[in-house]
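Engineer: Start from the sequences and build out the full structure, keeping to the hints where you can.
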Amino acid sequence: MVEVHLWSGLRSLTGGREVVEVEASNTGELLRALVRAYPQLEGPIDAGVSVAIDGRVIASGLTEPIPEGSEVYLMQRLRGG
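If you count the sequence shown from 1, position 59 lands on 59 in this note's numbering, and the numbers rise without skipping.
If you are wondering where the hints come from, they were derived from the structure by calculation, not from laboratory data. Please read these numbers as outputs of a predicted model, since none were measured by experiment. The reader is advised that the hints may include incorrect statements.
[Stated by the list, open to error] Simulated restraints, written as ranges between beta carbons of each label pair: (1) Ser-25 <-> His-5: 28 to 38 Å; (2) Gly-16 <-> Ser-60: 30 to 40 Å; (3) Gly-15 <-> Ser-60: 26 to 36 Å; (4) Gly-16 <-> Thr-63: 27 to 37 Å.
Note that CB positions come from ideal geometry on N, CA and C, so glycine has one too.
Structural biologist: Right, dumping it as structure tokens:
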């Protein structure tokens, strides 16, 4: 299981939970599992999110592996400027 820390704007969509657990081995599975477990997250996820694993924002797409015991954060999409 992967523990996913959510930004404050998503917590109302998960019953107030700051951390949720889903079964996933890569970033794509993570996002799909979050939507399955919490269908109300589909809109924000489809609008674009950033995933950080162990302090590193993943920019390589949906196939980045999530190592066992990793610290995972779902954040608003980070954009350069």
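Engineer: Give a verdict on every hint.
Structural biologist: Going down the list of hints, with the structure as the test:
A C-beta distance of roughly 18 Å is found between Ser-25 and His-5, which places it outside the suggested range of 28 to 38 Å. With their beta carbons about 32 Å apart, Gly-16 and Ser-60 fall inside the hinted range of 30 to 40 Å. Evaluation of the 26 to 36 Å hint for Gly-15 and Ser-60 yields a pass: the beta carbon distance comes to about 31 Å. The given range of 27 to 37 Å is respected by Gly-16 and Thr-63, whose C-beta atoms sit roughly 32 Å from each other.
Hint 1 from the list above is the single one not met by this structure.
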